[in-house]
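Quick one: dock chain against chain with the hints and give me the complex.
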Amino acid sequence: MSSTETGAVGGVSPLRAVVEVVARALVDNPGSVKVTETERRGMTVLELSTAPGDMGKIIGRQGRTAAALRMMVALTAEKHGKRAQLDIKD
Amino acid sequence: MSLTEQITGFVQNVVDAMGLTLTPRIEETPDGTHINLEGEDGGVLVRRGGEGLQALQHLVATAFRKQLGDDNRIVVDCNGFRRDKDAELKQMARFIAGKVLSSGIPQEMGPLNPYERRIVHLTIAEDPKVTSESIGDAFMKTVIISTKN
Chain R
1 MSSTETGAVG
11 GVSPLRAVVE
21 VVARALVDNP
31 GSVKVTETER
41 RGMTVLELST
51 APGDMGKIIG
61 RQGRTAAALR
71 MMVALTAEKH
81 GKRAQLDIKD
Chain E
91 MSLTEQITGF
101 VQNVVDAMGL
111 TLTPRIEETP
121 DGTHINLEGE
131 DGGVLVRRGG
141 EGLQALQHLV
151 ATAFRKQLGD
161 DNRIVVDCNG
171 FRRDKDAELK
181 QMARFIAGKV
191 LSSGIPQEMG
201 PLNPYERRIV
211 HLTIAEDPKV
221 TSESIGDAFM
231 KTVIISTKN
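Residue numbers (my numbering), protein chains in the order written: chain R, 1 to 90; chain E, 91 to 239.
Treat the hints as calculated values from the structure; they're not laboratory data.
This one's a predicted model, so the numbers in the text were calculated from it and none came from an experiment.
All clues stand as given, with none of them false.
Derived coverage of chain E by chain R (criterion: at least 3 residues anywhere in the stretch with Cβ under 8 Å from a Cβ of chain R; other residues may be distant):
id	stretch
1	99-107
2	140-149
Listing some non-contacts, in silico: residues in chain R with all C-beta distances to chain E over 12 Å:
id	residue
3	G31
4	T36
5	E47
6	S49
7	A51
8	I88
9	K89
Backbone N, C-alpha and C fix where the C-beta goes; we use that ideal spot for every residue, glycine too.
The shape of chain E in the complex, shown without the other chains (with noise of 0.2 Å):
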């Protein structure tokens, strides 16, 4: 049985136990592998900023900490939250950019969590012209975007 399998068959059993009727689907995307919880009962897992869905991902990284590694990153979603609210986050990453490159002067965001923080670095590091920074020593960090000299 693959990983994603593996990892699959835990998330539909926390769900099934919880009560939610919830079917996952595989979706390979340029970010990784994400499996997609979909029905009407996403809302418990969607609902306070996604508090039950970051729980669930944290759950799947410390039971497959070992397996996944460092770089094999599986992102548990509902309904496409996720990666609506990833998407967000890119969209506001190049607009912070684009008014650090007019105006020459770094600009915060966030405090930001760590996956938060890595779509934020990683949307930075498509533009040559900016650079990111995490500051501080929490889980949450603020994201000092400046122009790279």
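Just chain R, same shape as in the assembly (with noise of 0.2 Å):
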């Protein structure tokens, strides 16, 4: 995969690429994932949906699932010099 000067990876962010793939690995429903991504006061604001069955996968155990993927959003930000936020729709 090529990388742009923003570190965009074929026209997607990182911060939405990452979460695409990860939560697509973790739901039965890798087809209704969605992922939008809007900028929000110098703070990107990443919105994730699933299946309605799928969102206890995204959440885990005492949301313990849901931290581990923050926190890859997180590094993901700092790499690429910004400030992120997921919010997690159910």
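If you want it as structure tokens, here you go:
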């Protein structure tokens, strides 16, 4: 995969890409995974939605899987000099 | 495609998506299969005590839970960070076991996460004169090492 100067991979930003790759691997219905990305006051806000039955798989026991996903988002943001927030829509 | 190949593919996809330049190398160790991510971007996963590596390990374990089963462990490593930490932990467990044997007084280790506790229990089990037990009901628990009666 090639990266442009902004760190976008194949036209998708690294932040959105990492959420998509991880979320699709966790759920039963990868086709229903949707990630949107908006800028709000200098922060990138990512919204993740899945098929209704898959949300528990994203969150995990005691929210541990969601915490791991947020960690990957935070490290990606740090790497690219950004601030990011992940909203999991249920 | 083997499970190791599938997991390696997933890990590669994640680090590519993050924009990190890292190359996975498969290493068969006495402790199981390690997928060692090598490259100068490794610092992103390794910093702050390897938080990123732990998160990635959790995501692999969750995404491949059914295929992995109970015993089949695949460890995600980065520039040998995990391997070195594990070696340190084993050395510490042996050192504490030695103290327990010479003093007869039980000693604590931790708090440790499940992965670290497993390493300590396996290391302590190598010596028939000592035994180990986890205490606590949270994710992180303390391991008590004592002499076996």
